[in-house]
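Join these two chains into a complex; the hints should help.
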Amino acid sequence: MFISPFKLRRMGMLGMNCRNRDFIGRYNDRRLYPLVDNKLETKLLAQEHQVATPQLRFVVKEQHEISQIEKSLDKLSGFAIKPAKGSGGKGIWVIVKRDGADFIKSSGAKITLEDIRRHMSNTLAGLYSLGGVSDEVLVEDLIEFDDCFDGFSFEGVPDIRVVVFRGFPVMAMLRLATHASDGKANLHQGAVGVGLDLATGRCLNAVQFGKPVYEHPDTKRSLKEIKVPDWRGLLCLASRCYDMTGLGYIGADLVLDANRGPELLELNARPGLAIQVANGFGLLPRLRHIETLKDKHYRTAEARVDYVMREFAAKTLL
Amino acid sequence: MKMQRIPFYAMVMGLIIAGLITAWLRHTTTEVPFLPGEQKPVWLIEARIDFVATGGQTTVRLDLPDAPPGFRLIREQAASPGYGFAVLDDNQNRRAEWTRRQVAGPQTLYYNAQYLPVSQNSSAIEAEPPQVAEVFWDEPEATAARELLRGALSRSTTPASTARELIKLLSPNSPDQNAQLLLVAEPQRSQLLVKLLNQAGVAARTALGLYLEDARRRQNLTSMVELYTEEGWLLINATTGEQGVPENLLLWSRGEYSQLDVIGGQNSRLSFSMIKQTVPAMALSQVQFQDNIFSMLGVYSLPIEEQSMFKLLFLLPLGALVVVFMRVMVGLRTAGTFMPILISLAFLQTSLIPGLISFVLIVGFGLLLRNYLSYLNLLLVARIATLIVLVIFLISILSLVGYQMGLNAGITVTFFPMIIIAWTIERMSILWEEEGAHEVLIQGGGSLLVAVIAYLLMSLTVVNHLSFNFPELNLIILALILMMGQYTGYKLSELRRFRSMEQFD
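Top to bottom, those sequences are chains P and F.
For the first sequence, our numbering begins at 1 and goes up steadily by one.
For the second sequence, our numbering begins at 1 and goes up steadily by one.
This is chain F alone, in the form it adopts within the complex (with noise of 0.2 angstroms):
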């Protein structure tokens, strides 16, 4: 017997871990939160382009961050009525292109985006390691860069070392002679360093950074330098020496591309301004990954109508739990197995207390009639039939009469199961005729309290949230019903009903 039950209780834990696993894994890639209304803070980045159009056809194109480290885009969009907006993706490199045939004075467009903070994936490693760019220096620059080069190489030994090296020599109170010379010929230090490094067989590059700080106007991108070591491109501040991605910069472009181009028009400006918003994180876990095999499963994949209608069955499985739970654990007589179910999702759309009098209401003037029927001494089918067309003639009155008294609660008596409440009043009132109104009224109060406690449960937010979200955790409820129904130890109702054994014991 004992051997019977080690596949079963395999099956159990299958079960639950199935149900874990699979929620912790939908919880991860797509980021849907376990508790509801969680938020989440983005970045909404404005960039603002002014520009003097000179009357002919314009087209202004802007460089856009691809995948920049540390950030996700969210959604992007672009305001310039009269312009035509195309957002451009070619070789991996992204541009907004804004287009116009005829266009005179003062012009100005904005592209806004929104950007989640991710943790940061390593840069990857490109296929085959970016050529060194050639350099050419006029002298005497020529000569002070091939000094400057021979210290800090000799000083250094990877690249980013020679890079640190690189930026010491250069700073402004560098005593260093050469690099006042070179800095004299090429101001932009990152500019600059991105030649020396190229000089000295690196490979490197100019990238275009943003800093990110709430509710700042007017913002500029910051020129930065990325080289490229083993582990992939490494991203170093030109004034301060400080390596890799800052948790609030945002990599605007990388790459020689020009950021701006204006065709068309002149006097152009890019600036930029930003705020940091937060957002419900479930929105925005299904904007972004509604193409992740994790959502394709998921309700919300389905038109609104039927998600309404999952959103109740998938709340199901609870109910019935409650149902088994107090049946076989607590002991609790109920009218028909599965009816308080029924009755709590009627609730959950009545609200509770006018369910509460509508149902009492409804099964009260029921067995009234019921009552009466059983004088007329119908066949048992006709009996239930009569009755269903009763109720819903009771239900309609009492529907019509809450609306009159200007009780909206009146109209959602609908959503009843009329025939469930056919069935319980016959069944009702047959227990009325042979067990008494005591038998009803056990019966009828531990239908309802079944019914109130599987609705209390129902209509938890968090409750909702799960069961919507992660509709696989119904796998553990499912273990648990199997586990209950592996229960043979006594109900609670049971230590009541034997309490007189006290004596013989």
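One chain only, chain P, in its complex shape (with noise of 0.2 angstroms):
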């Protein structure tokens, strides 16, 4: 029922006590926060450092302009719905296409502009706010994913979760929906949390609720076929917003586009532990290590890349 804490400490398992105290605390300065807890300053921060973003097309700041979304609309066939002050996926709306007056939600759910139109209104209110503050909306262009994902993810969207302390990734994992988790990413929610390889972007281990899996559980297919192309690229990017933002412990929500290539979908200023789970080891110790390295040799993101790569390099993939 219960593990033993020394056995934790001795696999280096970072706990949320450690993790608000000795990272958050530390290395994230409190000022920085809303660069990330604000999708909207994070996209135009992105933009700023030329870190590849979905592309924004319109934002919509106040009430009455959601009587106008019609004509905005009008050019788009399948956009992405959210709230700028959004936390863990809450009122996004991806969708797909258009049937004749309605929209088809990427579940498949058909809905009305009416019904478009209200859940902008919400989220303006600060439904899915922390704190229930008043929000923004951001409409941007769907992702196109990447084939390699191809019957890995049932409906939803797989990202990539990379966790970059002080600028150096230090873990990654791969969140694989499900039919379980209802099309979401969500571990707690029945999400397949894929760990992998900082060297080679593969599968390293694979956790459902908890315990380990070999295959999808929808789709049957082996993950350790899961090669992540362009790893170096992708990785680069997660290290390129520390630089952006400043914040030494966050959190980079990765998606792969098929034309476009890697980009960052949102930043976490308090990354989930559950990472550890998926990748079958503790972060402390590659935490502390960084902790060691001074800062003036690692200037840019791929000279931190490429020590991660060298230093972090898995010995058995799965």
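If you're looking for bench data, these hints aren't it; they were derived computationally from the structure.
Wrong hints could be hidden among the right ones.
[To be verified] Label-pair ranges, simulated between beta-carbon atoms:
| hint | chain 1 | residue 1 | chain 2 | residue 2 | range |
| --- | --- | --- | --- | --- | --- |
| 1 | F | I419 | P | R26 | 33 to 43 angstroms |
| 2 | F | N464 | P | I111 | 57 to 67 angstroms |
| 3 | P | K211 | F | F8 | 33 to 43 angstroms |
| 4 | F | G364 | P | K105 | 30 to 40 angstroms |
| 5 | P | E155 | F | G364 | 27 to 37 angstroms |
| 6 | F | G406 | P | K110 | 54 to 64 angstroms |
| 7 | P | K75 | F | Q503 | 50 to 60 angstroms |
These figures come from a predicted structure and were not determined experimentally.
Each residue gets a CB set at the ideal place from its N, CA and C atoms; glycine is no exception.
Put into structure tokens, the structure is as follows:
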């Protein structure tokens, strides 16, 4: 029922208290939080630093703009609606295509323009924001998933979470939506977490509900075939998020677009701990190792990524 | 990193030590007990004065004890209808005075006082040694006294040993002729001893003491001798030769003052009765040390209304400690960080079971109503305001129904913090929509569990007593909270959450 704390310590598992005090508290300046808590700010900052993100179409900031939404949507057939201050993927609607005057969501549900208006109005009122503060709505281009993930995800978006500490990617995980997770990529809702080797982008280990799995529960595709293309480019993108925000301990959520390559979806200043279970080992030894490094030797994202690909390469794969 | 922690730990230690020392000082100087319900024995002594008034103006004066060694006066009062009463205090000599303009016939006056036995403080050395009184004898007593003294002085070195030798010589079966002669002239053994000591150049005086025995009536004062030594006044029993003040002796009168004066009366008689009582140490401390600095800094100096508020306020840190412990060490999820403390404070007013039932009822109904509100598509602030109004209605209805059913608990429901409850309902409802009923049950149950644990702790009599009488103990709680704020180990919940890591070990 319980695991011994000494065993966890030996495996280098990072606990919530330690993460909050020794890493988030020490390396994340609270002043910088709005940069990642607001997706619009993250996106603008990313554009400034030439970090690729999904193309932003338009932003709705006031309730009265919603009545004229039709015109703006006219040009788009598929798009994603996101609350700027939402967390954990809440309030995100993905419209894959049109059906006459109506829209089809990624789940297959048919919705009307009126539904979209109400959703936007709720979002602006703060339904999905932390603490219920007023919010903004982002409308973005759809991501065209790279076909390397075909058969690995059910209904939803496979995204890659990279924990970046002082600019060094220290751990990565691919999150695959399943039928049990209802197309969402949240591990505690039943998504499959696949730990990725930092050197190669290949599968290390995979878990669903904390239990090891070897194939996707819905599509039955063997998970050891996973190999993320352009792995080094993806890690460099994650690493640059540190230069961009100045936050020392972040989780970067990335996606692979078939045409545009790796793109940054969102940043998280309080990344969760489940990534350790997906990888099958703790973060702590890597974090402590990075703490001993001197900044001046690793000024560029490329230098940092090369260092971790060399230093943190896995000895065995799944 | 290690170096930065030293000032922190020093501060934590400082807080703990400051809390403990202040509490200890408060305990020793004002005798506030550490445990509630502690009892202390006190002596209730009643002096009864009987006399026959002659019909004119009457004044009765009774000498009262002045700081008797081994006892402390708690309170005193006189019961004597028709008489004016005052306690006069001149030149360190306290006297009770009864006055009445016209009175005739047999009269009885009562004076009673409560004395607390305390550890004996060494008797004060007077600034200048008291004068040795001049002694005059008629012949043949003068010769007898000289002879007796010569014998006693030759066998002694100090005033105390002189007194001891004299008492030996004056003992009833003493063969000494001089002693027999003097005892016939001065039958009061203590008076005789005082005279002889003064003649020997030792300042001495008579003292009257009262032997305390439980439930005794009609007791008289016992005559004793006090002589001045280098260490101050020393009490000697003129009959037994025992030195020092016995534990059960209350020195009623010291020095050459008259014990009882009755002007306008005759056949006066003074007698004492006494009884041993036990009183709560808490009440005793409050009566005695009203002017002490610790009492002034304590809560008791405030009006009752503020006191009861502080009673709750001083319990809050303990509740905060429980919340910190449950969240940091155990990893329990609660709805709202400190909402559980407020609920547990409400439980203190409603008592546990009725409080739990009404809380669950209010939140349950609130969630139902909130469910309907979500169809109205209201803006957030308006929605919560609506909830507050609805919660007030719910609480009023619960109170009324409870009252009509004859449940007193119904009325105390109003102690629940309504705005906090409205927010709780709102957050739980959002939680329900986003994470499902399971998460609502986990967080709601977690909050209630923390609230119940905090309530059980806060309702302990010992905890109540300590937090109210020793507010400085909250410094220790503060230190504990600071220490837990530094804890970076695993939470209990993480040991469960990461249990699947077992397979990778």
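Holds or violated: the 30 to 40 angstroms window for the beta-carbon distance between F/G364 and P/K105? Since F/G364 and P/K105 have Cβ atoms about 34 angstroms apart, the given range 30 to 40 angstroms holds.
CB of F/N464 to CB of P/I111, is that within 57 to 67 angstroms? 59 angstroms Cβ-Cβ, so the 57 to 67 angstroms window holds.
For P/K211 and F/F8, compare the CB-CB distance with the range 33 to 43 angstroms and indicate the outcome. holds, 42 angstroms
Taking 33 to 43 angstroms as the stated bounds, is the beta-carbon spacing between F/I419 and P/R26 within them? Taking Cβ atoms as reference, F/I419 and P/R26 lie about 36 angstroms apart, which means the hint holds.
Taking 50 to 60 angstroms as the hint, is the beta-carbon distance of P/K75 and F/Q503 inside that range? Roughly 51 angstroms apart at Cβ, these two residues keep to the hinted range, so it holds.
Status of the given 27 to 37 angstroms range, CB of F/G364 versus CB of P/E155: The hinted range 27 to 37 angstroms holds for P/E155 and F/G364, with Cβ atoms some 35 angstroms apart.
Between F/G406 and P/K110, is the Cβ distance one that fits in 54 to 64 angstroms? holds, 57 angstroms
Violated hints for the displayed structure: none, as all numbered hints are satisfied.
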